[in-house]
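Number of protein chains: 2
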Amino acid sequence: MLLQPIVNLVEILSRKGVNDAIISPGSRNAPLTIALVRHPDIKTLSISDERSAAFIAMGMAQNLKKPVTICCTSGSAAYNYAPAVAEAFFQEIPLIILTADRPKEWIHQHDGQTIYQTDIFGKHVKQSFEIGADYSHPDAIWHIERTVNNAVNLANTFPKGPVHINIPLREPFYPAENEQIRFDNDVRVIERLDTENTLSKEVWATLLQSIEQYDRVLIAGGQNEYNPALTAVLQKLQDEFNFPILGDAIANLKFDVISNHDIFLNQETDNLRPELLITFGKSFISKSFKTFLRKNKAIEHWHLSLDNHLIDTFQSLTKVIPVQPQYFFEKLLEDIDFAQFKNGDDEERDGFYLDEWKKNNFKAKSYLEHFFLADFHQKQLNEFYAIKKLLDAIPANSQLHLANSMSVRYANYIGTAPEKQIEIFANRGTSGIDGCVSTALGAALSTDKLVYLLIGDLAFFYDRNALWNRYIPDNLRIILINNHGGGIFRMIDGPSKQAELADYFETVQSYTAEKTALEADLDYFNAKTVDEFHALSTAFLDHNGKAKIFEIETNSVYNTEIFKQFKAGFSA
Amino acid sequence: MLLQPIVNLVEILSRKGVNDAIISPGSRNAPLTIALVRHPDIKTLSISDERSAAFIAMGMAQNLKKPVTICCTSGSAAYNYAPAVAEAFFQEIPLIILTADRPKEWIHQHDGQTIYQTDIFGKHVKQSFEIGADYSHPDAIWHIERTVNNAVNLANTFPKGPVHINIPLREPFYPAENEQIRFDNDVRVIERLDTENTLSKEVWATLLQSIEQYDRVLIAGGQNEYNPALTAVLQKLQDEFNFPILGDAIANLKFDVISNHDIFLNQETDNLRPELLITFGKSFISKSFKTFLRKNKAIEHWHLSLDNHLIDTFQSLTKVIPVQPQYFFEKLLEDIDFAQFKNGDDEERDGFYLDEWKKNNFKAKSYLEHFFLADFHQKQLNEFYAIKKLLDAIPANSQLHLANSMSVRYANYIGTAPEKQIEIFANRGTSGIDGCVSTALGAALSTDKLVYLLIGDLAFFYDRNALWNRYIPDNLRIILINNHGGGIFRMIDGPSKQAELADYFETVQSYTAEKTALEADLDYFNAKTVDEFHALSTAFLDHNGKAKIFEIETNSVYNTEIFKQFKAGFSA
Chain V
1 MLLQPIVNLV EILSRKGVND AIISPGSRNA PLTIALVRHP DIKTLSISDE
51 RSAAFIAMGM AQNLKKPVTI CCTSGSAAYN YAPAVAEAFF QEIPLIILTA
101 DRPKEWIHQH DGQTIYQTDI FGKHVKQSFE IGADYSHPDA IWHIERTVNN
151 AVNLANTFPK GPVHINIPLR EPFYPAENEQ IRFDNDVRVI ERLDTENTLS
201 KEVWATLLQS IEQYDRVLIA GGQNEYNPAL TAVLQKLQDE FNFPILGDAI
251 ANLKFDVISN HDIFLNQETD NLRPELLITF GKSFISKSFK TFLRKNKAIE
301 HWHLSLDNHL IDTFQSLTKV IPVQPQYFFE KLLEDIDFAQ FKNGDDEERD
351 GFYLDEWKKN NFKAKSYLEH FFLADFHQKQ LNEFYAIKKL LDAIPANSQL
401 HLANSMSVRY ANYIGTAPEK QIEIFANRGT SGIDGCVSTA LGAALSTDKL
451 VYLLIGDLAF FYDRNALWNR YIPDNLRIIL INNHGGGIFR MIDGPSKQAE
501 LADYFETVQS YTAEKTALEA DLDYFNAKTV DEFHALSTAF LDHNGKAKIF
551 EIETNSVYNT EIFKQFKAGF SA
Chain Y
1 MLLQPIVNLV EILSRKGVND AIISPGSRNA PLTIALVRHP DIKTLSISDE
51 RSAAFIAMGM AQNLKKPVTI CCTSGSAAYN YAPAVAEAFF QEIPLIILTA
101 DRPKEWIHQH DGQTIYQTDI FGKHVKQSFE IGADYSHPDA IWHIERTVNN
151 AVNLANTFPK GPVHINIPLR EPFYPAENEQ IRFDNDVRVI ERLDTENTLS
201 KEVWATLLQS IEQYDRVLIA GGQNEYNPAL TAVLQKLQDE FNFPILGDAI
251 ANLKFDVISN HDIFLNQETD NLRPELLITF GKSFISKSFK TFLRKNKAIE
301 HWHLSLDNHL IDTFQSLTKV IPVQPQYFFE KLLEDIDFAQ FKNGDDEERD
351 GFYLDEWKKN NFKAKSYLEH FFLADFHQKQ LNEFYAIKKL LDAIPANSQL
401 HLANSMSVRY ANYIGTAPEK QIEIFANRGT SGIDGCVSTA LGAALSTDKL
451 VYLLIGDLAF FYDRNALWNR YIPDNLRIIL INNHGGGIFR MIDGPSKQAE
501 LADYFETVQS YTAEKTALEA DLDYFNAKTV DEFHALSTAF LDHNGKAKIF
551 EIETNSVYNT EIFKQFKAGF SA
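As given, the protein sequences belong to chains V and Y, one line each in that order. Each step along the first sequence adds one to the number in the working numbering, with nothing skipped, and position 173 is 173. Each step along the second sequence adds one to the number in the working numbering, with nothing skipped, and position 52 is 52.
Source of the hints: derived by calculation from the structure; they are not laboratory data. Only a predicted model underlies this, so the values are computations on that prediction, with no experimental measurement involved. Hints may contain errors.
Since copy identity is lost for identical chains, a pair holds within one copy or between any two.
In silico BS3-like pairs for lysine-lysine, Cα to Cα no more than 27 Å straight-line [stated by the list, open to error]:
1. K319 - K297
2. K359 - K295
3. K104 - K126
4. K515 - K546
5. K104 - K123
6. K528 - K515
7. K104 - K290
8. K43 - K497
9. K295 - K104
10. K528 - K567
11. K287 - K104
12. K287 - K319
13. K449 - K43
14. K331 - K65
15. K297 - K104
16. K319 - K104
17. K358 - K287
Based on the provided sequences and hints, a complete structural model is requested.
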């Protein structure tokens, strides 16, 4: 008979809104598998490679904005989850990790699939719980039901993140044939209420005073999910009150923010230094921006974050303000608006600082657009051009996943038109190339939108097991920039001058995705020339049909030339 | 300029005999990469997928019988090593794990490729060292040189295993163009002398007395590397002194040991209970053997092991004897021999207990051989038959790697002829399917012998990135048993009766290896029928030519029928 507390654990997950689970096959986790699959309100998928399974779950959780369960057998299976768990932790994406285990007494006894699973994810989970192997004592049952409540509550509390429950199980693992599972109506569901962190009148007054005292206030957003309400208030702060708002592509600020800073920030732009810097969100892609701010430190730097970690990306932090950015900026808008109304228009914030940023941004944007009009792009296909054309063409309301390494960097130069409201994602928690395809697949499985993935060949083949399953949805679109190696190493000065470049940094590899596409039954397009690229783009961009890969094969040396030309050609 | 202490670290590795390194591309680890690649006495390979890289290193270290270095960049890269690190830990294979890291001050600062790397492998390394980011203070240099000595010494000390050094590095990572690296002749090499654990005369006398007091003494070997001297002494103990010696396929005891126990041990064989059980080596494959011994507990159970963990696989342990098995058995042989010489032949150990085991083993072996003579094997191809034929045919002095799940179980029933001295390996430390191809590849890269891998489809595709590199040697031979899912789940009673069998346990998958073979440039053979199988076997078994895959596609339902028939047909 299936252990009732395990059935209850699954019932509690469902009651608490965790209705999706990715299961990897195994025997030790069979009781969990059976309870998850048979639960009427839980949708399950079976993914063999645990590394991919966990990234798929993360991609789903990101779209669903709630935890997804991953469930695996005992032994090294759990360790294959670790890369995705670390990414989810730093990207603050909720996951419920259920690892089946052998009971404690079997650890390190030379008896299969048993490793040290307690706390196996180290500091990369919000908490690691462990239940006993006893499923009968009333206190044990109390512990299990309490633990799963605790885990889901914790995963959902800001900053969200992965939570682990290690679950030792003894044989037998399987219910009798045709045994009915009883999902108990009587399980304990313990709610943890959402709260809002707010600022007292007094505290707010001092903040407002500071803001009004500075002429050069820069607001900058790091990685953030698309939030229309936040976008709206920030847009007003920029348009009506002259605060420059800056955001990388992954900040998802869908209006005309300063977004070409990667192009124009350099040694000549120290004059843009802010007096007060207000930041929110997670990491920034732009190295130019980080270098600029670390050199030109703000007098005050406030970071809006509910995270207890003191994160001082720009080495200038003076205040942590643990509130939601939307709350803060709405309050700011309201009070500044009121102050202006009270004082009449004369007191309006001077626009000179915003103008300086806008002037630079406009120039950079124009440079970018002009760059791609040059004739040479029509002669030999280069990846930068191909990415520009495709990012310009992907339809409104799509999602765009950017793989790490060059993909995310190229895309941050190019951006997407804000009015198309394309949500942009990237695994910038740990910036690994290890799960980019799986993450995009997970996203595609949890939305009706088209999901585009921009990815280089190393990241693509590294994670090609993402496509080794029966669930590839029609809305997945992969733009594969294949320069047969890690092109980024040729772009940066250090490695490009070493004898080891091709073999140990770029890691030249010969694969194309043709066979992978065939195996996984995706439509496949391959372009090596400008003509092929233009001819095939239309078919690839067709909204209809099944999942597609557009592989763009270019020469790494030539790509480097083009990119260096692009970087060298801009003058502020 | 490249940091001299990093160059020295590499020089010390080489001086201490660690002359092989698998590097995964990255920027943070560039100083290590460059020093490793340029060292005249270190052989380096570049493998992009860190999960595969670490298993390849493990396969190499197993053959080389000394540590192999793995080296990766910062961030989630290190976590991809973890499955292989856990396997190496439990299988006691030495590895030197060099993870580049960002300096401490950059952890959790929303700035790329930075996770909590300190102690990242938990209890699955013998020790985790960490050096500082300071490479200039004399004490820091002393610490680095001491640490690498300590790490290699520790990896090489019984029980051997993986040792981790976390290495924080600041920019710049790259030497100037054409900069010469100076491998210092003056580095500190600190030797740790090998010792032998021996037993005092008094202790040995009491042991010998116990042995002589029991009539039913069973010697059983768990997983062990092939050791001709140990084999020779055990053979004499069995042949001349009537001790039954039992070993699974992975015990590598290359003489006529009791090896068909998986077939004949059952409820009817309680009479084989030993009074004294002497074990050595690591894990046992045979579940029948474990069940038999846990039920029929020996009065005394001695386990020969240098490991400080108290490992009580059969729940009967009474004495841990921390000496090398070869020392123990040579001493036993010598003293028993002398005692007999002194007493005359009358006192010879009675052979009845050995005979009981031998009788059963002979019967089981005959049953096995007869089973495969049946006509039905010629009608429809089944995997058990195909494996039998191929294991019988693989040439003497090859190596055989057994993937986990059904492959290792089938092979343990069938075995290989001892006189062929085929060394047998399997990842039975954690029994995961996650790195079986990579491990075999690592083995093939470090021996001139032919290396056969017997593997099922789930394990094969899980780890197909093993073949995504430029190093596939000609001596690799893959026998791929493709039943399009995890056949093991159909074989065992529990899952085979569940509605979730195909989707969530067996995990039906449609891939064949044809495209993988093409991409990786291996010869490829595919058999679906008995005729095809026989026709292609010869070509596959050809010693010459390049690496080959022989894919045997069979029906999972039919395989299960055959295997059940095999299991049911034997009567003791």
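How the hints compare with the structure:
1. K319 - K297: within (14 Å within a copy, 67 Å between copies)
2. K359 - K295: within (21 Å within a copy, 83 Å between copies)
3. K104 - K126: Both. Shortest intra-copy (23 Å) and inter-copy (20 Å) distances satisfy the 27 Å Cα cut-off.
4. K515 - K546: both (17 Å within a copy, 21 Å between copies)
5. K104 - K123: Both: 22 Å inside a chain and 14 Å across chains, each within 27 Å.
6. K528 - K515: Cα proximity of K528 and K515: in one copy and across copies (17 Å, 22 Å).
7. K104 - K290: between (47 Å within a copy, 19 Å between copies)
8. K43 - K497: So K43 and K497 pass the 27 Å test across copies only (22 Å; inside, 51 Å).
9. K295 - K104: between (53 Å within a copy, 21 Å between copies)
10. K528 - K567: within (24 Å within a copy, 57 Å between copies)
11. K287 - K104: Result: close only across copies, 20 Å inter versus 47 Å intra.
12. K287 - K319: So K287 and K319 pass the 27 Å test inside one copy only (23 Å; across, 61 Å).
13. K449 - K43: Within one copy, since 19 Å is at most 27 Å while 49 Å is not.
14. K331 - K65: So K331 and K65 pass the 27 Å test inside one copy only (25 Å; across, 67 Å).
15. K297 - K104: Intra 52 Å, inter 22 Å, cutoff 27 Å: inter-copy only.
16. K319 - K104: So K319 and K104 pass the 27 Å test across copies only (22 Å; inside, 45 Å).
17. K358 - K287: within (20 Å within a copy, 72 Å between copies)
Comparing the model with each numbered hint stated earlier shows that all of them hold.
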